[in-house]
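S.K.: The chain contents come next:
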Amino acid sequence: MSYKRPRAISPSGAQKRPRGAGAASTTITLGTELPPDEDSDDGTFVPVWKQTVTDERGRRRLHGAFTGGFSAGYFNTVGSKEGWAPKTFVSSRSNRNKDTTQRAEDFMDEEDKAAAAESRELETAQSFATIGRVGGSQNDALFGLFVTEEETMGVKIAQKMGWRRDQGVGRKVCRPARLDDAAGATAHTFAPKDSRIMSAAKEEVNRKGLGYRSEARLGATEEKEPEDRPMLALPWLEGPSKTKAPKRAAPKKSSFGVGVLNDTGSDDEDPYELGPRIKFNKSLGKDKKPKKPSKLAKAGVEGIVFKPKKASGESSARPQLSYDGKPPLPGFVLATQIIDLTSKKRYPPPKVPSGWKASKSTTEPAHAKSHQSVSDAAKSSTLDARARASLLGEKLLSGKSVFDFIPKDVRDRLATMTGKVNLPQGRGEGAPEGYEDPNSTKPKDLWTFVPILDKGTAAAALAKGATGWMPYAEDPNKRARYVSFLELRAGLKADLPERAGQTSVSNWAKELQEFAHAAEVFKPTTGLMASRFISSTATSLPGSGSSTPNENLVRRPAARPQDPAEQAAKLGMYGPMTRSTFPFYPSRLLCKRFNVRPPPDPPSADTNVDGAAFGGRTEEAVSKSAMDKMVHEVLSQGAPALQRPAWVGAPPEQPVEVSEASPIVPGGEHANVDVEKNDALTQERAPEDVFKAIFGDDDDDDDDDA
Amino acid sequence: MPYFPTTPIAKLTGHTGPVHAVAYSSSPHSYILTGAADRTIRLYNPSKAPPSSVAPTSSAAYAPGLITKYNAHGYEVLSIDVNGANDRFVSTGGDKIVFLWDVQTAQTVRRFTGHAGRVNRGVFGGEGDSVIVSASFDGTVRVWDVRSSSYKPLMTFSDAKDSVTDVLVFDGAIVSGSVDGRVRSYDLRTGYCEVDVIGYPVTSLTLSKKGTEILVSSLDSTVRLMDRGNGQLLKAYRDQAFVNTDLRVRSTLGLNDSVVLSGSDDGMTFAWDLLGGTALHKFRHSEMREMRGTAEKKEKGKKDIVSAVAFCPSRREWASAGGDGNVVVWGTDS
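So the protein lines, in turn, are chains R and G.
No gaps in the numbering here: position 458 of the first sequence is 458 in my numbering, and each next residue is one more.
No gaps in the numbering here: position 127 of the second sequence is 833 in my numbering, and each next residue is one more.
What the hints contain is simulated information worked out from the structure, not anything from laboratory work.
Check before you lean on any hint, since a few could be wrong.
[Said to hold, decoys possible] Part of the chain R face toward chain G, derived, beta carbon under 10 Å: (1) E566; (2) T581; (3) Y585.
Positions of the beta carbon are idealized from the N, C-alpha and C atoms, including for glycine.
With these hints in hand, go ahead and build the complete structure from the sequences.
M.R.: Given below as structure tokens:
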């Protein structure tokens, strides 16, 4: 569109200036010329940047690329009064957008701002510690406000001057390095050793106002020894020499009008008179009164310090720190001795006046006297067991001890074992009348030979024998005895195990022990072991050594519950009897991979009448009674006619011939089984419209669409 | 069945152990994959292996018709299944792993681990062979996802109470046969599993083309054709000489579902008429010939087993794999 337009044709001859100056114009122009049409395209050359694009109705269509673009705004309203004014593009490359952080106030209206201003509180910045200092001098309230946790200016200055932490202050010392291997140590300049500041060597800074009365107010004072340094002091500037100085307490302020500065120098007028009667050093330098025990000196003999009990007078003058290292609260004195609470004073009970008689007298004053313990009563009682029994009206047992019943040799054994010779004689009597064992004494003795076997083990051994292997296959008689023993121990029988022929009791007992050991093998597996095995459901193959003698010998405790479906299958009655159905739920992804619609959600428990747990349950299509009936019918009438596959043409003319080995009874009548209808399928599922109602609007029916 | 293929047309040799699995390749069905107890899977071109071919003396040499060997199994190979595109196949065996192979490169693409026992069967399933269904000695049927890289099975069916010997996939159903004598048909559409009690350990399952009947081999020397719809017995195939009581022997349907074919414990292969139930043919695998009459009862050799049979879906041709390590392909003369 920005082709260069052809130049305008050279001016017509009418417009040409006559060449000859003298020649008059040959044409006459009438009327005024129309103003040149700016918009009309008269074919004159217009530079590209002046060209405009208009639509067929003459409206401008193309604005500048940066001023609205093609047909900008709503129908060319750009730049008009109704439209938006195009902004010229400003590159943000050099003029980046200022990243102004937004404040909460930007989003507040006047009301919010007023509310915010009201709720404002004045607080210190983070670097300030709490107001005051715990354990610090309380009279520094104002300065305590400004104590910062930061380093003080003094530290900063000292650091600027080259001081480092853990160094001493002062000139550098030239000394050999103190290494562990001292050999070949050359001298270097080191910073002086940092000497620890004695926290005790601290002066109290007192800023007191007019009329301040310090501890003079209190009758007694105790000397304070605050741990903290004065807040604005630089203790390390005091120098090492000062640390050696004994503790100096600041002079106590006295009452108004008389101060240290007012000291006239006369000793008689002691300004500290009002304070505690303690002598202070008032001058620096030499210690004038070395009698005062220094704290440092005490520290050396801390281990063997002796604390006199009667030191109350001294303790008032001596600094005392409580267990947490702080002086006790003003007005309190540390206890010098621990009060023994256990050794409480005991006061005697109040004396009962003579002749006093309680209004509440016991009705039976003699009762208290007769009350005595059971053991005392037993001691004092002269009754023996017989007398007590007669008192209680009990029927008298034959009053015999154990020794009356044990044989003599047993009694002797007891006597030798216990070492007591005064045991009664063993008489070896029988049981008293009315208490004998119903069985004769002889079988009772024999019972002791029958070994104990766990009931479960015996039952398992029996069950195993009923289905498969059982020991003593070579000796049927022995096996029978074994079985009877197992039945006894399984609780199925109660009589004594039989004894074969003329075997002696010892042999018989030995055999029974052997049986017990053999049955132990069949102990049911428990726990981890049981979980590892699944009992096989595959039955033994037909014709594999039928064990008819076993059948006779092994009296089955109960018919092994056999699956009716298996029974039906063995009879060749395949169909509804051998078929069962249980629900499962395929995973969604599996259904997706098979491109089938997943079944409507877990075959809901509400359709199950009994609400059994979903998943593992198999449901029999035919009830047990119906099954038995069908089995009976088939056995009596023959198997149902075999069905042809749907795609096989005509049914065969003659009954299907089956080889002789077949257990199937060929041909015959139909059993009363509706083979067309499977109850298992019809009864289990809810009607389709139920599913539709619930799952009708399921989204993923793409497999249907496909 | 006048045209039942009775002539050996090829003999695939080379395996040094009993062949447990035979599978025709997909659509052209021109190749045969065999898996054997010698831990190898071999791909054969049966047209290059004449019946007279003998196994090479050295194991390194390639037997006639042998195209490739697939070596990865550490135990015997028990089943092979080829996918529809013929580029992958799945093999399972004693090493509890389901192998997914690439046919061209002879490398395993995926190995699915998770079974606790030997895997008796592995088949492709789903749309576009997107899953592998495996049946294992541990009593579970697991469904593995081929498309995702998940190492976990999509689903595990652990309803069987004994070893699961065979599984097949048809449409939206997974059918498994177990030693506990049951055929379980999991219908993914309805969410119900139908359990058909066969009564004897089930060793092989084959589905008809329509999917409404299923051929079930069980260890009572009987092959049964069951109706999947209602679980009824359609036909039982037996023979006096047919013995299958101990071993997992495959059976199959052939010739457009008109013939039932089954191997046996004693080296015979039996072909029954599906409708009539009469034994049409008996073949002795080791002698590569059809047996006539019923009288001859040969002494059963140790290796005389026909453990797997496969029917070519498109041609009149089938293959029987024996305990002697050879696979015989039977066809018509012409």
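S.K.: Go through the numbered hints given earlier and state which of them the structure violates, listing their numbers in rising order.
M.R.: none
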